[in-house]
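Number of protein chains: 2
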Amino acid sequence: MKARVHITLKPGVLDPQGKAIHHALDSLGFSGVDDVRQGKYIELDLQETDREKARADVEDMCRKLLANTVIERFSIDLD
Amino acid sequence: MKARVHITLKPGVLDPQGKAIHHALDSLGFSGVDDVRQGKYIELDLQETDREKARADVEDMCRKLLANTVIERFSIDLD
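As given, the protein sequences belong to chains A and B, one line each in that order.
For the first sequence, the positions run 710 to 788 when the working numbering is used.
For the second sequence, the positions run 710 to 788 when the working numbering is used.
In short, the hints are calculated from the structure, not lab data.
Any given hint might turn out to be false.
No copy is singled out in the list; a pair is fine if it fits within one copy or between any two copies.
What the hints assert, rightly or not - With a cut-off of at most 20 Å between alpha-carbon atoms, the simulated EDC-like pairs for lysine to aspartate or glutamate come out as follows: (1) K719 with D754; (2) K711 with E752; (3) K773 with D744; (4) K762 with D735; (5) K773 with D754.
Construct all of the structure, not just a fragment, from the sequences and the given hints.
If you want it as structure tokens, here you go:
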């Protein structure tokens with residue numbers, strides 16, 4: 710089973726990477742951009758075939774390793 | 710209009726970040742993972758309201774700045 714994890718900064722947390730991208734887009738002449746936020750995207754191939762078990766496992770991975778839950782939030786999509 | 714861009718390494722391109730995550734998950738006891746690939750996720754707030762125009766703009770941004778199309782591919786979702 711494939712799991713797709715999105716990890717994004719919580720609203721209100723400063724995003725210097727997003728700001729840098731925004732600035733670079735401005736420099737290239739893309740003026741119609743109001744805001745840019747950058748996050749991480751992780752694809753996991755899992756041996757687990759039970760959806761509930763797989764989701765619980767991936768949530769556990771996010772809390773223990775993939776996301777910093779103080780400043781980031783995560784969402785999980787399963788195939 | 711909001712655009713969500715996923716940038717991932719093309720199949721076959723070595724992904725050291727993904728390998729590092731895979732190894733760290735193994736160390737933490739998550740043994741049921743076959744493969745990990747890490748990509749980037751970028752959210753853009755656009756002033757453009759026309760979907761076709763917005764998609765063309767974001768494709769242009771990806772080709773010129775956001776993605777390295779030699780080794781990466783990108784996909785765009787519009788709200």
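Results for each hint:
Proximity of K719 to D754 under the C-alpha cut-off of 20 Å is restricted to the inter-copy arrangement: shortest distance 16 Å between copies versus 26 Å within a copy. In this homomeric assembly, K711 and E752 come within 20 Å of each other (Cα to Cα) only inside a single copy, at 7 Å, whereas the closest approach across copies is 23 Å. When the C-alpha separation of K773 and D744 is checked against a cutoff of 20 Å, the pair qualifies only between copies, where the shortest distance is 18 Å, while the shortest distance within a copy is 30 Å. In this assembly of identical chains, the alpha carbons of K762 and D735 lie at most 20 Å apart only when taken from different copies (18 Å versus 45 Å within one copy).
With identical chains, the CA atoms of K773 and D754 are at most 20 Å apart within one copy only, with a shortest distance of 18 Å there and 31 Å across copies.
Hint check: no violations occur; every hint is consistent with the structure.
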